[in-house]
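J.: Listed below are the residues making up each chain.
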Amino acid sequence: MVPLLSFLSAPGGHYRNGMPGDATATPIRTTVTLSAPNRGRRQAEPDRPDIDSSTARNRLSAAQAALLDEHRLLTAEELAGLAALPDDWVTSLAALAHQVRLARCGPGVEVEGILSAKTGGCPEDCHFCSQSSQFDTPVKATPFLDAGEVLQAAEETKAAGATEFCIVLAVRGPDERTMQRILELVPLIHEQTGLNVAVSAGLLTEDQARRFAQGGVHRYNHNLETSRSFFPNVVTTHSWDDRRDTCRLVRNHGMELCCGALIGMGESDEQRIELLVQLQELDPTEVPMNFLNPRPGTPLGDEHPVAAWEAIRWIALFRLGLPGVILRYAGGREVTLRELQSMGMTSGINALIVGNYLTTLGRSADEDLQMLSDLRMPVGALTGVL
Amino acid sequence: MDGTANRVDPGVGFCTGCGGASCAGCGRPFDPPRFCSTCGRRLTVAVTPGGYRARCRDHGELCGS
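For the protein sequence lines, the chains are G and E, in the order given.
Using the working numbering, the first residue of the first sequence is number 1, and each one after it goes up by one.
Using the working numbering, the first residue of the second sequence is number 1, and each one after it goes up by one.
Misleading hints may appear alongside valid ones.
[Unchecked claim] Cβ pair distances, simulated, as ranges:
| # | chain 1 | residue 1 | chain 2 | residue 2 | range |
| --- | --- | --- | --- | --- | --- |
| 1 | G | Glu184 | E | Gly51 | 17 to 27 Å |
| 2 | G | Leu375 | E | Thr38 | 38 to 48 Å |
| 3 | E | Phe30 | G | Leu188 | 22 to 32 Å |
| 4 | E | Gly51 | G | Arg177 | 26 to 36 Å |
Simulated from the structure, these hints should not be mistaken for lab results.
Cβ atoms here follow ideal geometry from the backbone N, Cα and C, with glycine treated the same way.
Produce the complete structure using the sequences and hints provided.
T.: Structure representation (structure tokens):
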């Protein structure tokens with residue numbers, strides 16, 4: 001379903017074009033039938049109630065006042081009211097989100113590269129992930145890349161204009177050998193490239209969090225992925241509370257917390273709002289927004305991507321719910337947003353992953369940098385600025 | 001899906017998305033090759049920010065971006 005274009009295929013979706021200066025009394029030249037292309041199925045969207053214009057305007061005005069004048073976070077009720085706005089109001093939602101982003105974070109965009117340094121073979125059963133050893137996916141497990149390969153990837157990231165590099169490992173949590181390898185790599189990469197180095201290595205103990213913080217890990221990624229109420233539908237080998245506890249450890253030990261969401265696993269609007277409020281409570285520095293890119297062989301492999309217009313709605317809502325965070329475009333944006341990727345940048349996004357992802361490819365860094373240049377959004381580190 | 005199940009005579013093309021001999025090509029946009037097009041064996045793939053390297057035990061390395 002492509003809501004934005006659906007009106008074009010409605011009855012009466014034809015036009016007759018007279019030519020300027022045409023002297024004929026009946027200036028019918030051509031009849032053109034427009035129809036919306038529908039390339040690839042998309043997820044069903046929730047039925048939203050009819051809301052009159054006055055109510056919609058009032059909700060947006062109240063949100064604007066709360067965020068820009070009263071400097072307070074929106075409540076779950078306020079966010080739910082905005083989430084229920086009809087499709088026609090998504091551009092207004094996006095405009096407000098962009099205004100809030102500029103007011104709270106400025107025009108800069110943080111660019112990051114990521115590397116799967118240890119791929120596949122993960123014992124966890126995250127239903128969206130092709131790296132779980134519990135599912136029969138095409139991804140073959142590979143051991144930890146050697147230091148030279150990781151450094152080369154960091155150099156590729158730097159060449160693409162990034163200021164941040166994240167080493168990601170498909171593990172439940174790091175064992176001692178993994179801890180030591182990461183702690184050797186982090187200062188090496190920082191010294192040789194000047195990049196800030198982030199790590200994503202699963203659940204941490206108190207001692208591991210302390211050692212990473214002391215070892216120069218600038219930011220630690222650990223995604224909640226989804227709300228507490230929906231989490232058991234997509235992961236059974238650890239709990240949402242386990243993830244939250246690691247997030248708290250990261251903050252308690254002075255690392256910046258990068259804590260993301262994955263949209264499109266079958267969760268409801270209410271559960272997305274629930275996640276937003278849970279993220280407000282964790283207060284991360286960065287929130288990567290992932291959109292489900294259904295992976296063959298996983299339990300969610302037959303799902304469909306979120307509709308592009310719906311993704312824009314939720315980008316805007318995440319900015320309005322988390323006004324001061326670094327809100328980063330992450331996995332799935334190419335297949336979900338397609339031609340609307342630049343619109344996401346004016347709907348609240350202020351950071352992106354450049355180049356490829358962990359097991360899938362992204363569009364070229366040149367395309368992203370051109371997009372940012374066209375949007376007059378300067379690239380730079382946002383750490384410590386917000 | 002260990003690759004060996006899809007092996008047939010070398011020279012016959014295999015889908016790089018699923019390793020199937022009779023598949024017309026199910027590889028998705030933004031996915032690197034996962035199976036060797038020559039033997040259908042699962043590839044060892046390293047995706048990096050600027051490209052990928054896919055290696056078949058028997059048929060060597062394929063790079064791309």
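J.: Now tell me if each hint is right for this structure.
T.: A quick look at each hint next to the structure:
no.: 1; hint: Glu184(G) with Gly51(E): 17 to 27 Å; result: holds, 25 Å
no.: 2; hint: Leu375(G) with Thr38(E): 38 to 48 Å; result: holds, 44 Å
no.: 3; hint: Phe30(E) with Leu188(G): 22 to 32 Å; result: holds, 30 Å
no.: 4; hint: Gly51(E) with Arg177(G): 26 to 36 Å; result: holds, 28 Å
Consistency with the previously given hints is maintained throughout, with no hint failing.
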